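Working from the sequences, and respecting the hints, build out all of it.
If you read the sequences in order, they're chains W and X.
Going left to right, the first sequence walks through residues 1 to 70 as the working numbering numbers them.
Going left to right, the second sequence walks through residues 71 to 640 as the working numbering numbers them.
It cannot be assumed that every hint is accurate.
To be verified - Heads up, incomplete: computed chain X residues facing chain W, CB under 8 Å, no partners named:
#1 F257
#2 G276
#3 A279
#4 V391
#5 L417
#6 W464
Unchecked claim - Pairs of lysine to any residue, SDA-like flavour, derived with a Cα cap of 20 Å:
#7 X:K411 to W:E33
#8 X:K456 to X:R176
#9 X:K609 to X:V626
#10 X:K411 to W:G38
#11 X:K272 to W:G38
#12 X:K215 to X:S485
#13 X:K272 to W:I11
#14 X:K456 to X:L184
#15 X:K411 to W:R62
#16 X:K102 to X:N347
If you're looking for bench data, these hints aren't it; they were derived computationally from the structure.
The structure displayed is predicted, hence computed values, not measured ones.
Just so you know, even glycine gets a beta-carbon here, dropped at the ideal spot from N, CA and C.
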Amino acid sequence: MNFDLRLPIGIMFSVFGVILVVFGAVSDKAIYEAHSLGININLIWGAVLLVFGACMLFLAWRAGVKPPQE
Amino acid sequence: MHIQLGGIDYAILLIYFAFVIGIGWVLKRYMKGSSDFFLSGRSIPAWVTGLAFLSANLGAQEVIGMAASGAKYGIMTSHFYWLGAIPAMVFLAIFMMPFYYGSRARSVPEYLKLRFDEKTRGFNAISFAVMTVFSSGISLHALAKLLQTLMGWDYNACIAVSAFIVLVYIFLGGLTSAIYNEVLQFFMIVLGFSPLVFLALKDIGGWSALKQKLIPVATSQHFAAGTWSDSWQHMGSSLENPMGVGWFGMVMGLGFVLSFGYWCTDFLVVQRAMAANSMSAARRTPLIAAIPKMLFPALVILPGMIAIAMYHAGDHFLPFVDNNPAKGIDYNMTIPMLLAKYFPTGLLGIGFTALMASFMSGMAGNVTAFNTVWTYDIYQSYIAPKKSDTHYLWMGRWATVFGILVSIGCAYLASKFNNIMDMLQLVFGFVNAPLFATFLLGMFWRRTTGHGAFFGLLGGTLAAAIFHGLALSEGAEVGIKGGWIATRLNFHSEMGQNFWMAIVAWTACFLLTILISLATKRTKTDEELKGLVYSLTPKPETAHEPWYQQPVVLGVLVLVATLILNIIFW
Numbered sequence: 001m002n003f004d005l006r007l008p009i010g011i012m013f014s015v016f017g018v019i020l021v022v023f024g025a026v027s028d029k030a031i032y033e034a035h036s037l038g039i040n041i042n043l044i045w046g047a048v049l050l051v052f053g054a055c056m057l058f059l060a061w062r063a064g065v066k067p068p069q070e
Numbered sequence: 071m072h073i074q075l076g077g078i079d080y081a082i083l084l085i086y087f088a089f090v091i092g093i094g095w096v097l098k099r100y101m102k103g104s105s106d107f108f109l110s111g112r113s114i115p116a117w118v119t120g121l122a123f124l125s126a127n128l129g130a131q132e133v134i135g136m137a138a139s140g141a142k143y144g145i146m147t148s149h150f151y152w153l154g155a156i157p158a159m160v161f162l163a164i165f166m167m168p169f170y171y172g173s174r175a176r177s178v179p180e181y182l183k184l185r186f187d188e189k190t191r192g193f194n195a196i197s198f199a200v201m202t203v204f205s206s207g208i209s210l211h212a213l214a215k216l217l218q219t220l221m222g223w224d225y226n227a228c229i230a231v232s233a234f235i236v237l238v239y240i241f242l243g244g245l246t247s248a249i250y251n252e253v254l255q256f257f258m259i260v261l262g263f264s265p266l267v268f269l270a271l272k273d274i275g276g277w278s279a280l281k282q283k284l285i286p287v288a289t290s291q292h293f294a295a296g297t298w299s300d301s302w303q304h305m306g307s308s309l310e311n312p313m314g315v316g317w318f319g320m321v322m323g324l325g326f327v328l329s330f331g332y333w334c335t336d337f338l339v340v341q342r343a344m345a346a347n348s349m350s351a352a353r354r355t356p357l358i359a360a361i362p363k364m365l366f367p368a369l370v371i372l373p374g375m376i377a378i379a380m381y382h383a384g385d386h387f388l389p390f391v392d393n394n395p396a397k398g399i400d401y402n403m404t405i406p407m408l409l410a411k412y413f414p415t416g417l418l419g420i421g422f423t424a425l426m427a428s429f430m431s432g433m434a435g436n437v438t439a440f441n442t443v444w445t446y447d448i449y450q451s452y453i454a455p456k457k458s459d460t461h462y463l464w465m466g467r468w469a470t471v472f473g474i475l476v477s478i479g480c481a482y483l484a485s486k487f488n489n490i491m492d493m494l495q496l497v498f499g500f501v502n503a504p505l506f507a508t509f510l511l512g513m514f515w516r517r518t519t520g521h522g523a524f525f526g527l528l529g530g531t532l533a534a535a536i537f538h539g540l541a542l543s544e545g546a547e548v549g550i551k552g553g554w555i556a557t558r559l560n561f562h563s564e565m566g567q568n569f570w571m572a573i574v575a576w577t578a579c580f581l582l583t584i585l586i587s588l589a590t591k592r593t594k595t596d597e598e599l600k601g602l603v604y605s606l607t608p609k610p611e612t613a614h615e616p617w618y619q620q621p622v623v624l625g626v627l628v629l630v631a632t633l634i635l636n637i638i639f640w
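In structure tokens form, the structure reads like this:
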């Protein structure tokens with residue numbers, strides 16, 4: 001089956017990461033005082049999701065440029 | 071008590087749904103025969119089947135229920151992982167997968183037919199098929215009820231939308247679609263709930279501060295100071311801990327009978343391993359799943375412990391059951407309330423989507439197991455044998471539609487008559503408790519006969535029902551909770567009663583199967599039992615594999631790591 005699951009996982013989490021990073025950068029800081037102990041968790045976790053998504057995309061790409069039912 | 075989602079949160083939820091359905095749509099082109107639809111053509115790599123194996127079990131009960139148990143019982147809840155899951159997963163990988171994968175059986179009931187006879191397969195297939203659609207319905211009801219309470223959404227719309235999404239991606243891509251989406255859901259759940267643990271633990275001041283704040287939780291209920299933060303120290307008797315279970319009931323009831331009965335014989339999880347692309351990958355599947363499984367208490371139990379510590383310290387953010395203080399705290403709202411407390415718009419969309427994913431993965435797992443058992447073990451065996459492969463592929467797709475429709479019916483049944491669902495789950499408990507004895511004897515004692523297996527299973531089920539009729543836990547009313555014959559056995563908790571019921575059922579089945587097998591003739595020759603019984607089956611060759619891919623080495627490492635966790639949190 002010529003379908004690498006890492007590709008949709010990578011794309012989806014990269015999209016989520018971008019959304020959170022952009023929203024974290026432009027949103028009102030008051031929402032973080034009200035919810036996440038004053039930490040801009042959207043920015044931080046968005047970056048984590050972006051890195052995770054990028055790693056998955058890299059692994060999918062690497063498998064694509066490179067194995068043989070008992 | 072409503073959670074307010076922003077536009078960005080809805081966007082994240084919709085993107086997730088688009089990916090879930092998109093995976094099903096992409097996989098549709100690969101579904102050329104029934105083997106592709108029901109078994110993924112045995113082509114899935116081990117890391118995917120491993121994470122799907124874990125995720126299929128990661129339904130609502132896990133995320134919502136284990137956090138609730140973390141609040142109610144503390145770290146003792148980790149017994150459901152470090153005692154009640156990991157050892158059984160290692161046993162499945164090392165000893166049982168070679169039979170399931172190597173016997174060419176397409177399902178667990180079919181293995182029973184090959185090993186024993188048609189009546190044993192029929193009993194298991196029919197009870198399992200009914201059980202899976204009811205479980206799926208209960209999961210659907212729990213999701214719709216939660217969304218109605220949390221979001222104020224319409225119950226009917228919640229049922230329709232979530233059932234439709236699961237239906238579409240399974241109808242299109244079969245088991246492969248379910249497995250791939252389960253992996254997506256696994257990452258969604260881990261990455262969605264991790265920041266919750268980080269923020270909540272930071273807020274309470276770290277692990278040491280949490281232990282201190284859990285002391286009044288324990289002492290206010292007349293338990294020893296460390297009861298909520300020690301997993302084994304207070305298991306000396308059932309009076310010493312909030313679970314109301316002693317160490318023997320815990321080790322034998324949960325750690326052996328129920329745990330091995332679920333992880334080693336339930337087709338819902340075993341099906342994922344059977345879809346792996348080689349014997350080696352099939353054996354590694356439960357071991358790969360065991361690694362995140364042993365760390366999951368940090369993700370689902372720890373938030374519950376933090377929530378109850380905060381509640382006792384004066385932060386009353388947990389609601390009461392039905393908003394009635396007389397009914398006590400609604401522990402099932404622990405995770406949703408923590409999400410509302412710590413997640414701002416944006417991350418709330420991720421956390422909320424993770425919650426939805428956990429419900430949908432549990433439901434999809436049940437539906438794919440149902441459509442396989444229905445098509446292979448009931449329809450092909452008893453209703454329409456010797457049809458074309460295309461016909462069974464068609465039937466599998468329509469069994470998916472039928473399974474979803476019955477699940478919806480069960481969800482409405484659960485919403486109207488909660489007692490009926492309790493009763494059904496109780497009956498399933500009677501049937502499941504003795505099951506592992508049948509498999510254990512079947513796989514490791516060639517003398518076990520079909521009559522022995524079938525009547526042993528019936529005897530074990532009957533023993534469970536009689537035990538339940540004679541036992542009752544403190545504060546429970548006679549009836550569905552037990553004691554309906556006469557109250558002769560008293561337990562400190564319903565959990566303790568259930569663990570002992572499982573022990574009695576398993577023992578009855580084990581002894582009856584041996585006695586009846588000795589009294590009846592073997593119907594299978596040694597030649598017919600090759601690949602089905604341990605002593606008659608050549609052991610899989612693993613010497614050529616690197617050490618980190620050898621099931622025995624991996625299994626020992628997993629068990630050692632689990633033992634260390636038990637010692638750290640002793």
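Here is what the structure says about each hint:
no.: 1; hint: F257; verdict: 6 Å, holds
no.: 2; hint: G276; verdict: 13 Å, violated
no.: 3; hint: A279; verdict: 14 Å, violated
no.: 4; hint: V391; verdict: 26 Å, violated
no.: 5; hint: L417; verdict: 5 Å, holds
no.: 6; hint: W464; verdict: 21 Å, violated
no.: 7; hint: X:K411 to W:E33; verdict: 11 Å, holds
no.: 8; hint: X:K456 to X:R176; verdict: 16 Å, holds
no.: 9; hint: X:K609 to X:V626; verdict: 18 Å, holds
no.: 10; hint: X:K411 to W:G38; verdict: 13 Å, holds
no.: 11; hint: X:K272 to W:G38; verdict: 12 Å, holds
no.: 12; hint: X:K215 to X:S485; verdict: 8 Å, holds
no.: 13; hint: X:K272 to W:I11; verdict: 31 Å, violated
no.: 14; hint: X:K456 to X:L184; verdict: 18 Å, holds
no.: 15; hint: X:K411 to W:R62; verdict: 41 Å, violated
no.: 16; hint: X:K102 to X:N347; verdict: 17 Å, holds
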